[in-house]
Amino acid sequence: MAGNINIEDIILPTELSSNLFYIPSGPVPPNPAELLMSKRLDALMEHLKSTFDTILIDTPPVGLVADALLLNKHIDSTLFVVRFGQTKRGQLGIIDDIYRNQKLKNTGIVFNGLKAAGGGYGYGYGYGYYDDDKKEKRKKGLFKSKK
Numbered sequence: 000m001a002g003n004i005n006i007e008d009i010i011l012p013t014e015l016s017s018n019l020f021y022i023p024s025g026p027v028p029p030n031p032a033e034l035l036m037s038k039r040l041d042a043l044m045e046h047l048k049s050t051f052d053t054i055l056i057d058t059p060p061v062g063l064v065a066d067a068l069l070l071n072k073h074i075d076s077t078l079f080v081v082r083f084g085q086t087k088r089g090q091l092g093i094i095d096d097i098y099r100n101q102k103l104k105n106t107g108i109v110f111n112g113l114k115a116a117g118g119g120y121g122y123g124y125g126y127g128y129y130d131d132d133k134k135e136k137r138k139k140g141l142f143k144s145k146k
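Sequential numbering of the sequence shown, starting at 0, is according to numbering that gives the first Met the number 0.
It should be emphasised that the hints constitute simulated quantities derived from the structure, not laboratory data.
Check the hints yourself; a few may be wrong.
Each computed DSS-like pair below joins lysine-lysine, with the alpha-carbon atoms no more than 30 Å apart [said to hold, decoys possible]:
#1 K48 with K87
#2 K104 with K87
#3 K48 with K72
#4 K87 with K102
#5 K72 with K87
#6 K72 with K114
#7 K104 with K48
Remember, predicted model here, so these are calculated numbers, not experimental data.
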């Protein structure tokens, strides 16, 4: 982004699949926010959207830097990956603020590092929320299965 390289030259194939590509981050520029607001990023995103079906952008944690917020005009959905026992409660408050104030589009959370009750690991899906006004947890559509 900071240099004079053609877009096609920075999109690299992976060894995992012939349909999976990546763009390495390169050195940290002195002005990352300025680059994220540049016409070069707009051109890159237009090229990526016309070339690929799905684009994943990995950013530093929201709250540390503004990168994810600056990319908002280019994204369709936002996923926060949080790890049980590692992510601090205050960081979850930042995610809640982003969700409630619609600072990013289609906000979701992936919980990592959870163990099923009784030990072992499991898988499942569901959704829920914590009602701050009533100080209670609400669950909806919960499905759980042990491996």
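Outcome of the hint check:
1. K48 with K87: violated, 34 Å
2. K104 with K87: holds, 23 Å
3. K48 with K72: holds, 13 Å
4. K87 with K102: Given pair K87, K102 holds - Cα atoms ~20 Å apart, limit 30 Å.
5. K72 with K87: holds, 28 Å
6. K72 with K114: violated, 36 Å
7. K104 with K48: With a Cα-Cα distance of about 17 Å, the restraint between K104 and K48 holds, given a limit of 30 Å.
Hint compliance for this structure: hints 1, 6 are broken, all remaining hints hold.
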